[in-house]
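Here the protein sequences come in this chain order: A and B.
Position one of the first sequence corresponds to residue 1 (our numbering), numbered consecutively onward.
Position one of the second sequence corresponds to residue 1 (our numbering), numbered consecutively onward.
Think of the hints as simulated: they come from the structure by calculation, not from any bench.
Please note that the accuracy of each hint is not assured.
Stretch-level coverage of chain B by chain A, calculated; a stretch enters the list once three of its residues show a Cβ under 8 angstroms from a Cβ in chain A [unchecked claim]:
#1 39-45
#2 76-84
#3 90-101
Ranges of calculated distance between the beta carbons of each label pair, as one might list FRET restraints [said to hold, decoys possible]:
#4 A:Lys14 with B:Thr30: 45 to 53 angstroms
#5 B:Gln58 with A:Thr17: 23 to 31 angstroms
#6 A:His85 with B:Ser70: 44 to 52 angstroms
#7 B:Ile60 with A:Leu74: 48 to 56 angstroms
#8 A:Glu59 with B:Leu112: 36 to 44 angstroms
#9 B:Gln58 with A:Glu59: 47 to 55 angstroms
#10 A:Thr17 with B:Glu64: 45 to 53 angstroms
#11 B:Ser39 with A:Thr118: 48 to 56 angstroms
Using N, Cα and C, we set each Cβ at its ideal position, and we do this for glycine too.
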Amino acid sequence: GAVVSQHPSWVICKSGTSVKIECRSLDFQATTMFWYRQFPKQSLMLMATSNEGSKATYEQGVEKDKFLINHASLTLSTLTVTSAHPEDSSFYICSAVSPGLAGVSYNEQFFGPGTRLTVL
Amino acid sequence: AQSVTQPDIHITVSEGASLELRCNYSYGATPYLFWYVQSPGQGLQLLLKYFSGDTLVQGIKGFEAEFKRSQSSFNLRKPSVHWSDAAEYFCAVGGSGTYKYIFGTGTRLKVLA
Numbered sequence: 001g002a003v004v005s006q007h008p009s010w011v012i013c014k015s016g017t018s019v020k021i022e023c024r025s026l027d028f029q030a031t032t033m034f035w036y037r038q039f040p041k042q043s044l045m046l047m048a049t050s051n052e053g054s055k056a057t058y059e060q061g062v063e064k065d066k067f068l069i070n071h072a073s074l075t076l077s078t079l080t081v082t083s084a085h086p087e088d089s090s091f092y093i094c095s096a097v098s099p100g101l102a103g104v105s106y107n108e109q110f111f112g113p114g115t116r117l118t119v120l
Numbered sequence: 001a002q003s004v005t006q007p008d009i010h011i012t013v014s015e016g017a018s019l020e021l022r023c024n025y026s027y028g029a030t031p032y033l034f035w036y037v038q039s040p041g042q043g044l045q046l047l048l049k050y051f052s053g054d055t056l057v058q059g060i061k062g063f064e065a066e067f068k069r070s071q072s073s074f075n076l077r078k079p080s081v082h083w084s085d086a087a088e089y090f091c092a093v094g095g096s097g098t099y100k101y102i103f104g105t106g107t108r109l110k111v112l113a
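With the rest of the complex left out, here is chain B (with noise of 0.2 angstroms):
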């Protein structure tokens, strides 16, 4: 079955501290994964994706993922967290045979001062 695990629902880190979103996949073709980013009461806003190539992958804000294929993984990261990053995390995946997105079910960070 094709799914997207997310498997912290909340994390705490510190103003300043690095951080790491995990996500794993399920998918039984070439995968395109994506992180998004939500504000309360927002849309959702890219921050990187991966279709091939590097599977380190630079995004906006200062994060960057690495896609693990031996590890069905694609984790977040950031060196130093924002008092502004704190949201609601996304990771999805899709692939060439489909339009349509897997969504995992969210990482809420909460950045402390």
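So that you can see chain A by itself, here it is in the shape it has in the complex (with noise of 0.2 angstroms):
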């Protein structure tokens, strides 16, 4: 139980497009879902928060405009870069929350494996 996705796992683009990263709660209803990027050896960087039904919480510093974040369900949350340039390339990683899921603790996130964006 308690499995997120991500598709693609990998894309390369061209610069100046853009791109669509599903997070999807495979096994459960996610009213919360995380969305962070990660350079190269470095941690992760919580990027936005998005609920269901709401706009998402961008952190300081990233672009709204720019990374676009939809939920428009319980169980899926979509990442979309505009206009991708070089420095955009990076590893994305969702992750959700479901607060009342069945053995698990009300606060504990669920990771999906990962999109790794390479922008040319």
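Mind assembling these two chains? They're in different frames, but the hints should get you there.
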């Protein structure tokens, strides 16, 4: 139980194009999802908090218009990198939280496997 | 300020040797503590977690961690390291009032044959 998937697992795109990354909770409903960015050999950096049916909350320094987040259902959140540039190349990881998930702590995040984005 | 410190950026041990990875935290509320492992190009795998109760926590792959409130520490240990344990290890802290985690900077483990 508590499985989170991401699609695609890797993507290569040209500079100036937009890329959408999906994060799905496969066997539970996620009221809250998080999006992280990880540079090589560095820790995870929280980009934004996504709550179902409401606007995402972005961390300081993260461009809202650049990284569009939509949490349209209790099992799906999407991150769209708009007008991507090489400096957006990174490893993007999502996580999901479900309060009341049986046998699980109220505050535990479940992580997806990550998406490697390369912008040429 | 809330923070997680992993003092060792790199650690190298010989296969079969014991291992201890350090994690110190600063958190204003009751902490929930986690250790994750990440292999190159992969996502995070939860090794173990502490919410309450017994301060010695057993995890997967033979890992354990001990919560010491007086020292604000949650160090990860393994009695005998295997070559497959080479990876990046992250300590994280959360709390009862929030879903957010604070991650440490990670410790990269190298295992010598």
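To see whether the hints hold, each was checked on the structure:
| no. | hint | result |
| --- | --- | --- |
| 1 | 39-45 | holds (count 4) |
| 2 | 76-84 | violated (count 0) |
| 3 | 90-101 | holds (count 8) |
| 4 | A:Lys14 with B:Thr30: 45 to 53 angstroms | holds, 48 angstroms |
| 5 | B:Gln58 with A:Thr17: 23 to 31 angstroms | violated, 47 angstroms |
| 6 | A:His85 with B:Ser70: 44 to 52 angstroms | holds, 48 angstroms |
| 7 | B:Ile60 with A:Leu74: 48 to 56 angstroms | violated, 28 angstroms |
| 8 | A:Glu59 with B:Leu112: 36 to 44 angstroms | holds, 38 angstroms |
| 9 | B:Gln58 with A:Glu59: 47 to 55 angstroms | violated, 34 angstroms |
| 10 | A:Thr17 with B:Glu64: 45 to 53 angstroms | holds, 47 angstroms |
| 11 | B:Ser39 with A:Thr118: 48 to 56 angstroms | violated, 19 angstroms |
The structure fails hints 2, 5, 7, 9 and 11 (numbered hints given earlier, in ascending order).
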